[in-house]
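Novice: Take these sequences, add in the hints, and give me the full structure.
Residue numbers (this note's numbering), protein chains in the order written: chain A, 459 to 863; chain B, 459 to 863.
Bear in mind the hints are in silico, worked out from the structure with no lab data behind them.
Each hint should be verified, as a subset may be incorrect.
Which copy is meant is left open, because identical chains are indistinguishable; a pair holds if it fits in one copy or across any two.
Below, computed lysine-lysine pairings styled on DSS-like, alpha-carbon distance capped at 27 angstroms [what the hints assert, rightly or not]: (1) 501 / 637; (2) 588 / 629; (3) 588 / 809; (4) 728 / 809; (5) 785 / 530; (6) 637 / 728; (7) 588 / 785; (8) 478 / 809; (9) 637 / 509; (10) 509 / 629; (11) 509 / 785; (12) 501 / 785; (13) 629 / 728; (14) 530 / 809; (15) 478 / 785; (16) 588 / 478; (17) 501 / 809; (18) 530 / 728; (19) 637 / 809; (20) 501 / 530; (21) 509 / 478; (22) 728 / 501; (23) 629 / 785; (24) 509 / 588.
Residue-level listing of the chains:
Number of protein chains: 2
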Amino acid sequence: MTPVFEITARDSQSQARAGKLTTPHGVVNTPAFMPVGTQGTVKTLSIEELKACGIEILLSNVYHLSLRPGQKVLEAAGGLHCFMAWEGPILTDSGGFQVFSLASLRTINDEGVIFSSHLDGAVHRLTPEKVIEFQRAIGSDILMPLDECVRYPCERPEAERAVARTTGWAKRSRESFMKVISSPEGARDPLRDFSAAPRPRNDEMKDGVRPLLFGIVQGATYPDLRQEALERLLPMGFDGFALGGFSVGEPRGLLFELLPETASRLPAEKPRYLMGMGEPLDLVEAAACGVDLFDCVIPTRHGRNGLAYTWEGRLNLRHAAFETDPKPVDPACECWACRTYSRMYIRHLLKSDEMLGLRLLSFHNVWFYGRLMAMIRLGVTRNQLTGLRERLANLYQPRLEEAFP
Amino acid sequence: MTPVFEITARDSQSQARAGKLTTPHGVVNTPAFMPVGTQGTVKTLSIEELKACGIEILLSNVYHLSLRPGQKVLEAAGGLHCFMAWEGPILTDSGGFQVFSLASLRTINDEGVIFSSHLDGAVHRLTPEKVIEFQRAIGSDILMPLDECVRYPCERPEAERAVARTTGWAKRSRESFMKVISSPEGARDPLRDFSAAPRPRNDEMKDGVRPLLFGIVQGATYPDLRQEALERLLPMGFDGFALGGFSVGEPRGLLFELLPETASRLPAEKPRYLMGMGEPLDLVEAAACGVDLFDCVIPTRHGRNGLAYTWEGRLNLRHAAFETDPKPVDPACECWACRTYSRMYIRHLLKSDEMLGLRLLSFHNVWFYGRLMAMIRLGVTRNQLTGLRERLANLYQPRLEEAFP
Numbered sequence: 459m460t461p462v463f464e465i466t467a468r469d470s471q472s473q474a475r476a477g478k479l480t481t482p483h484g485v486v487n488t489p490a491f492m493p494v495g496t497q498g499t500v501k502t503l504s505i506e507e508l509k510a511c512g513i514e515i516l517l518s519n520v521y522h523l524s525l526r527p528g529q530k531v532l533e534a535a536g537g538l539h540c541f542m543a544w545e546g547p548i549l550t551d552s553g554g555f556q557v558f559s560l561a562s563l564r565t566i567n568d569e570g571v572i573f574s575s576h577l578d579g580a581v582h583r584l585t586p587e588k589v590i591e592f593q594r595a596i597g598s599d600i601l602m603p604l605d606e607c608v609r610y611p612c613e614r615p616e617a618e619r620a621v622a623r624t625t626g627w628a629k630r631s632r633e634s635f636m637k638v639i640s641s642p643e644g645a646r647d648p649l650r651d652f653s654a655a656p657r658p659r660n661d662e663m664k665d666g667v668r669p670l671l672f673g674i675v676q677g678a679t680y681p682d683l684r685q686e687a688l689e690r691l692l693p694m695g696f697d698g699f700a701l702g703g704f705s706v707g708e709p710r711g712l713l714f715e716l717l718p719e720t721a722s723r724l725p726a727e728k729p730r731y732l733m734g735m736g737e738p739l740d741l742v743e744a745a746a747c748g749v750d751l752f753d754c755v756i757p758t759r760h761g762r763n764g765l766a767y768t769w770e771g772r773l774n775l776r777h778a779a780f781e782t783d784p785k786p787v788d789p790a791c792e793c794w795a796c797r798t799y800s801r802m803y804i805r806h807l808l809k810s811d812e813m814l815g816l817r818l819l820s821f822h823n824v825w826f827y828g829r830l831m832a833m834i835r836l837g838v839t840r841n842q843l844t845g846l847r848e849r850l851a852n853l854y855q856p857r858l859e860e861a862f863p
Numbered sequence: 459m460t461p462v463f464e465i466t467a468r469d470s471q472s473q474a475r476a477g478k479l480t481t482p483h484g485v486v487n488t489p490a491f492m493p494v495g496t497q498g499t500v501k502t503l504s505i506e507e508l509k510a511c512g513i514e515i516l517l518s519n520v521y522h523l524s525l526r527p528g529q530k531v532l533e534a535a536g537g538l539h540c541f542m543a544w545e546g547p548i549l550t551d552s553g554g555f556q557v558f559s560l561a562s563l564r565t566i567n568d569e570g571v572i573f574s575s576h577l578d579g580a581v582h583r584l585t586p587e588k589v590i591e592f593q594r595a596i597g598s599d600i601l602m603p604l605d606e607c608v609r610y611p612c613e614r615p616e617a618e619r620a621v622a623r624t625t626g627w628a629k630r631s632r633e634s635f636m637k638v639i640s641s642p643e644g645a646r647d648p649l650r651d652f653s654a655a656p657r658p659r660n661d662e663m664k665d666g667v668r669p670l671l672f673g674i675v676q677g678a679t680y681p682d683l684r685q686e687a688l689e690r691l692l693p694m695g696f697d698g699f700a701l702g703g704f705s706v707g708e709p710r711g712l713l714f715e716l717l718p719e720t721a722s723r724l725p726a727e728k729p730r731y732l733m734g735m736g737e738p739l740d741l742v743e744a745a746a747c748g749v750d751l752f753d754c755v756i757p758t759r760h761g762r763n764g765l766a767y768t769w770e771g772r773l774n775l776r777h778a779a780f781e782t783d784p785k786p787v788d789p790a791c792e793c794w795a796c797r798t799y800s801r802m803y804i805r806h807l808l809k810s811d812e813m814l815g816l817r818l819l820s821f822h823n824v825w826f827y828g829r830l831m832a833m834i835r836l837g838v839t840r841n842q843l844t845g846l847r848e849r850l851a852n853l854y855q856p857r858l859e860e861a862f863p
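Specialist: Structure representation (structure tokens):
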């Protein structure tokens, strides 16, 4: 039987590793970047375009999908993969983060959360069990348990309470997960559900590969709390571990102070996922700390704002400097947008509020992230990651705010 | 030397004809539909997608392009084709219609129009000569002279005044056109300008084919006025004739009362262009009246509003009936959107304000229009247009308002 996670190479100069993560919908080469498809679509992009960018796994979200289109529609589609016509793996976030940031929260207690939808104000209830059942029902490949994600800064008592709640919920999530995947309904080959649907089947499906459940380590900026959280999660038997509660407003310096130790304490043989990160330099530096999975809205959201990620650094295509610039967005890039369109044209599209401009920059940026991850993996395999780290450190100032004061 | 327009087949049951229109950027098979790329982009679509839809010629617009990005930028790009990366023919409308509908008009007299931009209120002046020079400078294949387009209903004195002004402007436009294309600047191979630019060249360019200038026949709903306008335009030597001032609010019945005679009076050997039309049934019926060229925002604008054109008629994808419908938008359609995505998914995208939904319906609709025109041409060539006319009459009620009361 294929192991869930196999480490195929290690970098001698850092903690970085390259590996293969096997899911019901195929294998993901790690370190991997997951574009964010919150509402069942990576904004502006088609699945063909995502594949062309070398993307192997997408992230979607229980909070958004459960509100719209809802479980009934997703089940009628034969699952989320069929619904969005994406044949590769999907990781679904539990929605904890969104409940605390988007919804107006009504009640949170050890049982779960009650909140009002940001769409129509309707009252909904999420429990650890419901979150797992929903993810299983829509055919997610990697499930995340409900967690309580705190903002930075967070006082220690609040962080302690959130860790206690998150680990309690993790236990119930794991129990619920074992129940749904071992029930006749849950244990069946997930592709069996899809065979009746008119969508193409994924040939990379490995027989007998079950969905995966990750544990989420919280603990804010308190290393001992994070250690305690991890120790309570370890015996529960998760398939991988996520670092939650980063990228919530803390200074970058603090994150990279905490990350090496926090990451290295996670079980070495299991995949590690740093939630919600990040800028190109963050990705390579976190990979150097031994992180395997990333997700972030940056390439698409910043693309829609006119920002391009290139091998010359960031470019703001709205800038007047590009008014008559006939060069492609990134002369070193071979993506479809760079092969076809010029900076001056894209600037015109952005100034004219034309959707094609948002498409082109989203595509280019996801392509850039796809190439970046391929180079990180190659850097590990060839033991040359240090060169790439230096190159990115020169190109990318740590924070966007510093580049665009 | 290749003739500008060659009629290759005629329908025996109607006035429809199929032909080939040769422009500096290639040959257009007629009857042809031109998607509208007002701001130098057909909204949401890439040029690859337009080509995949079988589109051979685009329409753009002097009013919009001269305000943004402006002549300086377009010249720096090596012309509009290079700017938007479209290698095929482009017809540019003069902007008369937009001056009267979008801008706040300051002055109109026989000299030209002075107006305030709808973008920033800045005052601009258009004269027949400036409009021709602009179109020549950006490398348009088919130029349209400045005209005064009146709305429906239009009292006779106003229509008479507009005809007099439009024909006076036509004469000056033609003189200006002859000057710019016979000057050393204007006479040079338009591709010479492009050779320095980094964009691919169009191999279909025919040596010695110059840009074309069409005359615009106005006259509102008064047949004798339209006849008078035509008679004044004929001696000026235009390469083709456009029917302006239709699709400006008149009842469809009135249009198709006027169109057969109005179209048949245009010179049979020159291309005929019905400006701003229309619905699928309008296209086939106007083609049956002998019209060769069409443009309309319908496939893209209605697509962005959730409306799909199919071989089963119009579908409003926002409708709750499609909430769990796994079928493609049009089961009879082979376009990329229909091969990949379901009605239920597109409905979800529309409800979630996701741009991919607007892209998919715009693409599907332009594909439908591309297929429709190919079927009209085939209908003429095989002398089977009547069957297609009946099929569309059954599928498409005359007006959208009637389909969606």
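Novice: It remains to establish, for every hint, whether it holds in the given structure.
Specialist: Against the structure, the hints come out as follows:
1. In the homo-oligomer, the alpha carbons of residue 501 and residue 637 never lie at most 27 angstroms apart, since the shortest distance is 34 angstroms inside one protomer and 49 angstroms across protomers.
2. In the homo-oligomer, the alpha carbons of residue 588 and residue 629 lie at most 27 angstroms apart inside one protomer (14 angstroms), although the nearest pairing across protomers, at 75 angstroms, exceeds that limit.
3. In this assembly of identical chains, the alpha carbons of residue 588 and residue 809 lie at most 27 angstroms apart only when taken from different copies (25 angstroms versus 45 angstroms within one copy).
4. With identical chains, the CA atoms of residue 728 and residue 809 are never at most 27 angstroms apart, being 46 angstroms at best within one copy and 39 angstroms at best between copies.
5. Proximity of residue 785 and residue 530 under a CA criterion of 27 angstroms is satisfied inter-copy only: 17 angstroms between copies versus 48 angstroms inside one chain copy.
6. Proximity of residue 637 to residue 728 under the C-alpha cut-off of 27 angstroms is restricted to the intra-copy arrangement: shortest distance 22 angstroms within a copy versus 75 angstroms between copies.
7. Proximity of residue 588 to residue 785 under the C-alpha cut-off of 27 angstroms is found in neither arrangement, the shortest distances being 51 angstroms within a copy and 30 angstroms between copies.
8. In the homo-oligomer, the alpha carbons of residue 478 and residue 809 never lie at most 27 angstroms apart, since the shortest distance is 42 angstroms inside one protomer and 37 angstroms across protomers.
9. For the identical chains of this complex, residue 637 and residue 509 are neighbours neither inside a copy (34 angstroms) nor across copies (52 angstroms), given an alpha-carbon limit of 27 angstroms.
10. Taking the closest pair of Cα atoms, residue 509 and residue 629 never come within 27 angstroms of each other, the shortest separation being 36 angstroms inside a single copy and 55 angstroms across copies.
11. Taking CA atoms no more than 27 angstroms apart as the test, residue 509 paired with residue 785 passes in both settings, with 25 angstroms inside one copy and 23 angstroms between copies.
12. For the homomeric pair residue 501 and residue 785, the shortest alpha-carbon distances inside one copy (25 angstroms) and between copies (23 angstroms) are both at most 27 angstroms.
13. Taking identical chains as interchangeable, the C-alpha atoms of residue 629 and residue 728 lie at most 27 angstroms apart only when both belong to the same chain, with a minimum of 18 angstroms there against 79 angstroms between chains.
14. Taking the closest pair of Cα atoms, residue 530 and residue 809 come within 27 angstroms of each other only across two copies (16 angstroms); inside a single copy the shortest separation is 40 angstroms, beyond that limit.
15. In this assembly of identical chains, residue 478 and residue 785 lie within 27 angstroms of each other by CA distance neither inside one copy nor across copies; the values are 37 angstroms within and 35 angstroms between.
16. Proximity of residue 588 to residue 478 under the C-alpha cut-off of 27 angstroms is found in neither arrangement, the shortest distances being 30 angstroms within a copy and 63 angstroms between copies.
17. Within a single copy, residue 501 and residue 809 get their C-alpha atoms as close as 19 angstroms, and across copies as close as 14 angstroms, so both meet the 27 angstroms cut-off.
18. For the identical chains of this complex, residue 530 and residue 728 are neighbours neither inside a copy (33 angstroms) nor across copies (58 angstroms), given an alpha-carbon limit of 27 angstroms.
19. In this homomeric assembly, residue 637 and residue 809 never come within 27 angstroms of each other (Cα to Cα): the closest approach is 53 angstroms inside a single copy and 34 angstroms across copies.
20. For the homomeric pair residue 501 and residue 530, the shortest alpha-carbon distance inside one copy (23 angstroms) is at most 27 angstroms, but the shortest distance between copies (33 angstroms) is not.
21. Taking CA atoms no more than 27 angstroms apart as the test, residue 509 paired with residue 478 passes inside one copy only; the shortest distance there is 18 angstroms, against 39 angstroms between copies.
22. For the homomeric pair residue 728 and residue 501, neither the shortest alpha-carbon distance inside one copy (30 angstroms) nor that between copies (46 angstroms) is at most 27 angstroms.
23. Taking the closest pair of Cα atoms, residue 629 and residue 785 never come within 27 angstroms of each other, the shortest separation being 54 angstroms inside a single copy and 41 angstroms across copies.
24. Taking the closest pair of Cα atoms, residue 509 and residue 588 never come within 27 angstroms of each other, the shortest separation being 31 angstroms inside a single copy and 47 angstroms across copies.
Against the hints set out earlier in the document, violations occur for numbers 1, 4, 7, 8, 9, 10, 15, 16, 18, 19, 22, 23, 24.
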